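Undergrad: Between the sequences and the hints, there should be enough to build the whole structure, so can you do that?
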Amino acid sequence: MTQEVKTRPLNRLKSMYALRAEVDKMYEAGGEAKAAGRPVAWVMLEGWANPILSAMDVVSVYPENYSSLCAAAKLAGPFLERAESEGYPTHLCGYARTCVGYSARMVELDGQIPPEAPAGGMPKPTLLVSSGEVCDARFKWFQSLGRYFDAPVWTLESPSPTARESLTPGTYERNVQFLTNELKQFVNFLEKLLGKKMDWSRLNFTGEGTNEINRLRWEINQLRKARPGPMHTRDFWSVMSSALYRGGADPTAIVEGHKKLYDEVKYRVDHGIAGINRPEKYRIAFEGLPPWHSLGFLDDLAERGWNFVCESAYSPRRPINIDLSNVSDPIERYVRSRYRSLADSIVDEFGPEEAPGVIAEVKQEGSARRLRLRHIREYQCDGVVLHVLLSCRAASSGLSLFSDQLLDVYKVPSLIIEGDIIDTSLFNPAEALRKAETFEETMEHYRKVRKDMGLEW
Amino acid sequence: MVVATKQGMARVDELYQERSQRVRELKAEGKKVVGYLCIYPVLEMMTALDLVPYRVVGDMREPITKADHYMPPVVCPFLRSCLDLGLKGKYDFLDGMVTSHICDVGSSLSGVWNYTVKTPYHYHIDTPHTVHDTSLEQLRGLLGAFRNSLEEFAGKKMTDAMLTKAIVLHNEQRALVRELYELKKPDPPLISGAETIKVIKAVQSLPTGEGNALLRSVIAEVKTRKNGPVKKAARLMVWGSILDETAFIKMIENLDANVVMDDTCVGSRPFFDDVKLTLDPIDGLARHYLVDIKCPRTFRARDFYATKKNYMEDLKARFSYLADYARDWKANGVIVESVRYCDTHGYEVPGVRDYLKEVGLPSIYLEHDYTEGALAPLRTRVQGFLEIIG
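Taken in sequence, the protein lines are chains A and B. Residue numbers 1081 to 1537, in the working numbering, belong to the letters of the first sequence in order. Residue numbers 7 to 396, in the working numbering, belong to the letters of the second sequence in order.
In case anyone wonders, no lab produced these hints; they're calculated from the structure. Because the structure is a prediction, the values reported are computed rather than measured. Any given hint could turn out to be false.
Claimed, not checked - DSS-like, lysine-lysine: derived pairs with alpha carbons at most 27 angstroms apart:
#, chain 1, residue 1, chain 2, residue 2
1, B, Lys256, B, Lys12
2, B, Lys124, A, Lys1491
3, A, Lys1114, B, Lys314
4, B, Lys124, B, Lys191
5, B, Lys315, A, Lys1264
6, B, Lys96, B, Lys72
7, B, Lys33, B, Lys191
8, A, Lys1086, A, Lys1105
9, B, Lys314, A, Lys1276
10, A, Lys1443, B, Lys72
TA: Okay, structure coming up:
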């Protein structure tokens, strides 16, 4: 009798493993730097600080990533409990509470890394770099760490205008100047803290390196539009950490890793190979932050033919291809190389014919609806999983409107799954799976609706 | 023009029950009413153009039914309530809505409101998060853009003289509110915490000049009335997120305590610092709205450029005004409160309590979900707290 060998539901990319391993080096580098008496910064993920810190020889570690690592290892629980006993409300960000618990433990151990910390832990910081970008937690959390560390906190500001205000004349240039001046102040502060001058050629190297990584990530994501989807969201999440957290520290290695990733994804596209080892029945987008503790849930869905082909969080931005040779100020050049005006972005995305209509829509409705929904159309998604997080307002508050608009415009339904980025007790995989099974009928229904309406998929 | 027949606390009660009464009358007379959320939209600019600023708040007694469709239950119930009322047409008299980057959900609400409630004019001010010099410069630019937009909406220019005149009028209101708070210093206080919320909410439902007149009549009445609060064992201060209804404070004041001071946003927070009169009025406004208002939504520190941090010194720089309040209003305990899912206040709780402990002020943290029904268990905790502080 021949025994059927059952393959795993996900078809993982081989080039992913080397990039995923790069993240371990972040923690190794942090430990080595601390042992050698070199500065270590705890940094919030944002688009600006990493290349600057790397150019100043500051090793960056990312508590957001570390908290997700604790969650994935199922080791976050005691840190969450510790944060609660420290008086932090339980609805606060799971990343933050894990970090607070970790910090409190570190103080208890006189600055030593807690022995229960996975991946070697994060060493005591010399500096905390928080951010006004994306969510409130990103600056309030680090401010509150003043209870545990005497490290200074620098909050990097960045503008977050609404779509309509972004189109107001003067907004883009004002924001460029704001960012430029903010980063100059940051550099001045680092020079004072570290007692050394910025190496501008080094910033040029790390800045361009991270831009190149972004460009490769964007091109890989373009390949992911193919049918069947060649790269599953789990692989995207596995490699994104290397780009976002290690890009400034070792751009050469990360660029090389992404070139290999590109080649492998391209090969799959050319040969019709999918990111799952089952027939692709449904193309799904993941909206929100991942359930780091329960990623295997996506494998269960892959078993049913659900291929997660795109996601909203951590996506690369479209590369900016403009001549900046006339911009002499290195910080301003750095800003302009990675910050595009909304009007130009819309033209880049939609082309000169469709762009005026999108701009008019933004002015009329106040939001870039078509811009926001665009990836669902481009990746021809049959459904969207909305991960509503009980501890994250920023990622969750806009999901319902997104779902509403998506069904209205493209007749693509959403499945709401409640959970958390860290806290396993807030996620019920069995219930989520049951909801997913029922949701398949909904996706089938709307597939017909889209067909009747003459939509492309 | 319709003239209010009631004055003082009777008028306050009337407006507390039917907030939009006066602005609807004004709208019928041709005035434009502009709603605003939280305390960061720049009211002086609205007043300068003869627009009527009207604070958008929620309703603890109204079950949230329509907002669920657009905002999940895991976000601020106060803001969800505001949206719910908007979706139910209870703010349909507004000609405009101005929001600012108060917090994640506040910003998100701005977009949802714009898309779903469709108030004719909508503007969002992307207020920065820090008090860096660059942020101040950024806010100056943002207020310039807001000024242009508001001029277009109102159909007239806003000269510096008009803006300065409006700043003076709003500063007058701030001074009157501070005068009202002086009446909370005696023991017993001449006005209760619950009544104070009613007064502030009523004032924020009127054009500034009328609000000032109301404040004058309230102050005159409260100074001479015989039926004010009675003396109680505890004099408490309340710090925290929005309390736009009296229920929470009443729950405390129904026990053996008077709430004599607060640092909340339908309370002292928007009124305890004046806008400085500057050559370019935008300069004074930017500083006030970014630096002077002490809401946790803004990152402030003792010294941004210090290379070493001292936690207690930093707390002192951020919260010493609370010790001043407690001393001047003779508060012997602090209720630290936050509406559930308010991140900006939530992160501040351990720090503010550390500071209060350092200066010898006992405190208790209470979290609520913006419903009256959920206040009962909190009452027991406050009772316990009162026993501890004696």
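Undergrad: If a hint holds in the structure, say so; if it does not, say that too.
TA: Going through the hints against the structure:
1. B:Lys256 <-> B:Lys12: 24 angstroms, holds
2. B:Lys124 <-> A:Lys1491: Between Lys124 (chain B) and Lys1491 (chain A) the Cα gap is close to 23 angstroms, so the pair holds against 27 angstroms.
3. A:Lys1114 <-> B:Lys314: 17 angstroms, holds
4. B:Lys124 <-> B:Lys191: Answer violated: Lys124 (chain B) to Lys191 (chain B) is near 44 angstroms, above 27 angstroms.
5. B:Lys315 <-> A:Lys1264: Roughly 21 angstroms separates the two Cα atoms, so the pair holds.
6. B:Lys96 <-> B:Lys72: 12 angstroms, holds
7. B:Lys33 <-> B:Lys191: Since the Cα atoms of Lys33 (chain B) and Lys191 (chain B) sit roughly 38 angstroms apart, the hinted pair is violated (cutoff 27 angstroms).
8. A:Lys1086 <-> A:Lys1105: Not satisfied, since the Cα-Cα distance of roughly 34 angstroms exceeds 27 angstroms.
9. B:Lys314 <-> A:Lys1276: 17 angstroms, holds
10. A:Lys1443 <-> B:Lys72: Within the cut-off at roughly 26 angstroms; holds.
The structure fails to meet hints 4, 7 and 8 from the earlier list, while all remaining hints are met.
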